[in-house]
Amino acid sequence: MTTTYRQALREALREALAKDERVFLMGEDVGAYGGCFGVSLGLLEEFGPERVLDTPMSESAFVGAGIGAALGGMRPIVEIMTVNFSLLALDQIMNNAATLRHMSGGQLGVPLVIRMTTGAGRQLAAQHSHSLEGWYAHIPGLRVVAPATLADARGMLWTALLDPDPVLLFEHGALYNVSGELEPDAGPVDIDTAAIRRPGRDATLVAYGGTVRTALEAAGRLAADGIDAEVIDLRTLRPLDVETVLASVRRTHRLVVVDEGWRTGSLSAEISARAAEFALYDLDAPVERVCTEEVPIPYAKQLEDAALPRADDVVAAVRRAVS
Amino acid sequence: MPSLGADMDEGTVLEWLVAPGDVVHKGDVVAVVDTSKAAVEVECFDSGTIERLIVPVGETVPVGTPLAVIGDGRLRAGPAPEPVAEPAPVPELPRPPKVLASPPVRTYAKQAGVDLASVHGTGRGGAITRADVARALPPPHGEPEPPPAVKVSPYARRLARERHVDPATLPGPVVHARDVPATARGPVPEQPERDRGGGMREAIASLMSRSTKEIPHYYLSTTIDLHTALEWLREHNRGVSVHRRVVPAALLLKATAVAAAEVPALNGHWIEGCFHPSGTVRLGVAVSLRGGGLLVPSLEDPGASALDELMRTLTGVVTRARSGRLRSSELEPATLTVTNLGDLGVESVQGVIYPPQVALVGFGAISKRPWAVGDLLGVRPLVTATLAADHRANDGATGARFLGTLDRLLQRPEELR
Amino acid sequence: MNVKERERLLRQMIRIRRFEERCVELYSDSKIRGFMHLYIGEEAVAAGVLPALGPGDAVVSTYREHGHALALGIPMEAVLAEMYGRTNGCSRGRGGSMHLFDAGRRFYGGNAIVGGGLPLAVGLALADAMQGKALVTACLFGDGAVAEGEFHECLNLAALWRLPVLFCCENNFYAMGTALRRAQAQTDLALRASSYGMPAWPVDGMDPVAVTEATERAVESIRGGAGPCFLELRTYRFRAHSMYDAERYRAKSEVEEWRQRDPIPRLTESMRNDGELDDAALAAIESEVEEELAAAIAAAEAGAPEPVEGLTRFVYAERRP
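For the record, the sequence lines run as chains C, Y and W.
Residue 324 is where the first sequence ends in the numbering used here, and the numbering goes up by one at each step.
Residue 509 is where the second sequence ends in the numbering used here, and the numbering goes up by one at each step.
Residue 302 is where the third sequence ends in the numbering used here, and the numbering goes up by one at each step.
For reference, chain C alone in the conformation it holds in the complex (with noise of 0.2 Å):
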């Protein structure tokens, strides 16, 4: 079956909602607009304004009423348009969704869902566009995921439903277009671990949402050198699936990482640490990270590409790391 990321994304909207009377979606423009992004296009239609709720522009009272409502017994799943905005509601999600349990001494948790995009590469410039998951993936209480394919797009929500503990699902900007094979019948997903999209066995590429495929296509081209490059979607970015990374780097002892946020205190910068940590003694070159560059994400297209992990700098980067 043919479909897109965001309609991968709308058919596990659809499906919570209809499976589970205590899911209900929030957010800015979420109903009668259909998503900022149009991903929740026809489910106020479907579901009625009871389940699907429009918010007025108040980041801090939605998230934090999606906390609320969690501890008082529903699941909500609550849409922030884009990661920038998040940070109006970064005291509801720091101070109240990752500490209630710990602070309570376990009596309380909030098994809520926080839906929003992320990411550069539509010249939305600098307000719009940063790749902040990091940030969440440094808190602990929460767990974080980024689907980078049409299955986790269309999976990770329902189990995310599950989880007792806040999840927070990041959905790369330019991902929603993305179109390809779905299976019919394609269910829920684990969102523990990470996978190998790849497998090879010269250098290990590990990415995550929208830098997968550049990382993927970035193989891709080494390939045709002779140079076979293993490519890793963390897929989970908090807890991380730290293993199955170092795994493959015992084996392929050269590391490479491709990161849509910033080099410094990042994700690129976690995953590098445990491998000096724990895999030290396998690495045969030092860890090379493709980072985007310490700018505000600028408006014109060129500037933007230059800007982000670009296929080329991962083929160099991979380069460096075996010649």
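Please note that the accuracy of each hint is not assured.
Claimed, not checked - Restricting the straight-line Cα-Cα distance to at most 30 Å, the calculated cross-link-like pairs of lysine-lysine (BS3-like) are:
id : chain 1 : residue 1 : chain 2 : residue 2
1  : Y       : 129       : W       : 233
2  : W       : 12        : Y       : 129
3  : Y       : 202       : Y       : 243
4  : W       : 233       : Y       : 118
5  : Y       : 129       : Y       : 118
6  : Y       : 118       : W       : 114
7  : C       : 20        : W       : 233
As the list claims (entries may be wrong) - Label-pair distances were calculated between CB atoms; the ranges are:
id : chain 1 : residue 1 : chain 2 : residue 2 : range
8  : Y       : 198       : C       : 218       : 48 to 54 Å
9  : W       : 84        : C       : 240       : 22 to 28 Å
10 : W       : 294       : Y       : 98        : 42 to 48 Å
11 : C       : 225       : Y       : 311       : 55 to 61 Å
12 : W       : 276       : Y       : 146       : 43 to 49 Å
Claimed, not checked - Partial list, computed: chain C residues near chain Y (C-beta under 10 Å):
id : residue
13 : 48
14 : 285
15 : 303
16 : 304
17 : 324
Bear in mind the hints are in silico, worked out from the structure with no lab data behind them.
All C-beta atoms in this analysis are idealised placements derived from N, C-alpha and C, irrespective of residue type, glycine included.
With chain C held as given, fit chains Y and W onto it using these hints.
Same frame as chain C, now just chains Y and W:
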């Protein structure tokens, strides 16, 4: 001194609002204290008459220190203060003049043998720079430049260790795994394996191939009657708790070590065409791992340890070898190796020498067999001891003397204790 | 209000007052650490608001919540043991004075972010409404929260969706050390709340009877489906913001003036004058409270420290599907 806030560890009495003889009530403000954040009024939690003020104005004391005594003699807070003797004044030590130098410069100076105190600093604030240290160096005497450092990737370094290759001999400037040859190049100190994966197999393969390729082995064997030794051991073990019992393998190990000291021609290394006897005995003990493969940790001079102690060491080292947690001292190169396959039921072992050692002692299973005792046929516990030795380093007669010594030692177990 | 109800109010206020007075001593003695915000002076609010809620109603509170917790019925020993960091504390030693929780009583915590509890209250009310339960969520916060964006977002959202939230603003006229008039252009907080389209009125927060009556009226309206209400409870804290401060931000005379309106002597006098209370009855209340307090201290002292081996518990659920 009450705790007046989360960040308060001590406080200074700024003012006493009461004096001895004053009557105070619970909740009255009695003093003002500086918490370093603010001046805060201190209230009391008891009623009574102020007997005396303990802490004078201006004094800083830790939280929990009693400040004053109220009425019935109860202290306001905390335990009664111990009478404190006036501390003797501590003479101030003369301080060395402060030397400003960054850690890398200090390291450099240390390596170059330059005393920083004698160097004049020209850097910021009088700090000593690398150039200052260089200027203080004695003029060179035509010493050769040290060779440029070779960078070795961590993985290549690990492979080199496993394959007994000195990474410094490999071509630089950067050594990768592919640059590490599969077999060792020259004599390097023996190092047992730590890794249990394919690396270990590779290392064993390379080492054993090298041994059979380079070493002209000769083999001797002798059967030793262990009747006396085992009887003695049984007697010894009767008096101790189960976990302190000594097994025959430990006795064999001890006898081997003592024999090696008596026949030093088998104890040492063959390096660059000649035998280097070792002053001490360090026995390698082959430990087979459950998942396959083999580690050879070494024990320092088992001949000198008491049998009980050797037994404990042996148990520990086998456990550590099997769990991959050998200590670095147990990875020191051995001078002679013992392999005991008796547990597995074999009669005798014709072993392969671990280069650069020159001999390997093997023991088979201890089993009861017919044996001539005097002129009668008896049943005795016997063990076959074998010796594989390097014919370049010694001859059959040496080997025979070694096995003879071993036999003799085992007939007098009490001397091995 | 009948004698029994007035006596109940008095007993509750004395209970909270004596508890906190003892907390001061325990803090000075380093038995309690961290930040501790005292409620002394504001007891009429807790004593009036919380008992006026019905069974199953939810409460969201602030970091100055000892009084709320006690008035809701969380045992004194569980509250004190929490401040001691003990296993028998109501948050198992992970919250301390500022983060008391009791899921069973639907007490959703002391929230130490000013304004941070309001969105939770809106969400709890939303969940109850969605599940068709006729329950009310009481959300207590101070005048400082009115300056936060979350206050305005939440009043708007609750009114927009007609959610069953009782917003209780405990206006003690100081956000930490900043006087209301130095922080807010419009200091009539009820007026501001009413601009969001909900009933809002000021209440004498030093009078527990007035607080009770106002709360009952508001709860009835909310439970009837009229949407949220806002009470501005004008009150005053007699002590420092957190344990001790130099109180440079207010005049002693001002504190003294407010102390004249201390709700405990006021209600005591009023009941005496009406012949509802004599010395013996008052002494009985005091001695019962003292007994409860002594038992709570003994329980807190006897409680085991929460074990360090369990440090990382309660970060994620211990069981996942």
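How the hints compare with the structure:
1. For the suggested pair residue 129 of chain Y and residue 233 of chain W, the alpha carbons sit about 20 Å apart, so the restraint of at most 30 Å is met.
2. For the hint linking residue 12 of chain W to residue 129 of chain Y, the alpha-carbon distance of about 21 Å falls within 30 Å, and the restraint holds.
3. Under the criterion of a C-alpha separation no larger than 30 Å, the hint pairing residue 202 of chain Y with residue 243 of chain Y is consistent with the structure, at around 23 Å.
4. With a C-alpha separation of about 19 Å, the suggested pair residue 233 of chain W and residue 118 of chain Y falls inside the 30 Å cut-off, and the hint holds.
5. As the CA atoms of residue 129 of chain Y and residue 118 of chain Y are separated by approximately 25 Å, the hinted pair is consistent with the 30 Å bound.
6. Between residue 118 of chain Y and residue 114 of chain W, the direct Cα distance comes to roughly 49 Å. Violation of the 30 Å bound is thereby established for this hinted pair.
7. Under the criterion of a C-alpha separation no larger than 30 Å, the hint pairing residue 20 of chain C with residue 233 of chain W is inconsistent with the structure, at around 62 Å.
8. Checked against the hint of 48 to 54 Å, the pair residue 198 of chain Y and residue 218 of chain C passes, with Cβ atoms roughly 49 Å apart.
9. Checking the proposed 22 to 28 Å range against residue 84 of chain W and residue 240 of chain C shows it holds: the Cβ atoms sit about 25 Å from each other.
10. The supplied range of 42 to 48 Å is broken by residue 294 of chain W and residue 98 of chain Y, whose beta-carbon atoms lie about 24 Å from each other.
11. Evaluation of the 55 to 61 Å hint for residue 225 of chain C and residue 311 of chain Y yields a pass: the beta carbon distance comes to about 57 Å.
12. A hinted range of 43 to 49 Å is violated for the C-beta pair residue 276 of chain W and residue 146 of chain Y, which are about 33 Å apart.
13. Because the closest C-beta pair between residue 48 of chain C and chain Y is about 49 Å apart, greater than 10 Å, the hint is violated.
14. For residue 285 of chain C, the suggested interface contact is upheld, since its CB lies about 4 Å from the closest CB of chain Y, less than 10 Å.
15. With a cut of 10 Å, the hint placing residue 303 of chain C at the interface with chain Y is violated, because the nearest CB-to-CB distance is about 36 Å.
16. A hinted interface residue such as residue 304 of chain C counts as satisfied when its beta carbon comes closer than 10 Å to some beta carbon of chain Y; here the least separation is about 35 Å, so the hint is violated.
17. Annotation: residue 324 of chain C was flagged as interfacial toward chain Y, and the flag holds, the nearest CB pair being 9 Å apart, inside 10 Å.
Of the numbered hints given earlier, the model fails hints 6, 7, 10, 12, 13, 15 and 16; all others are met.
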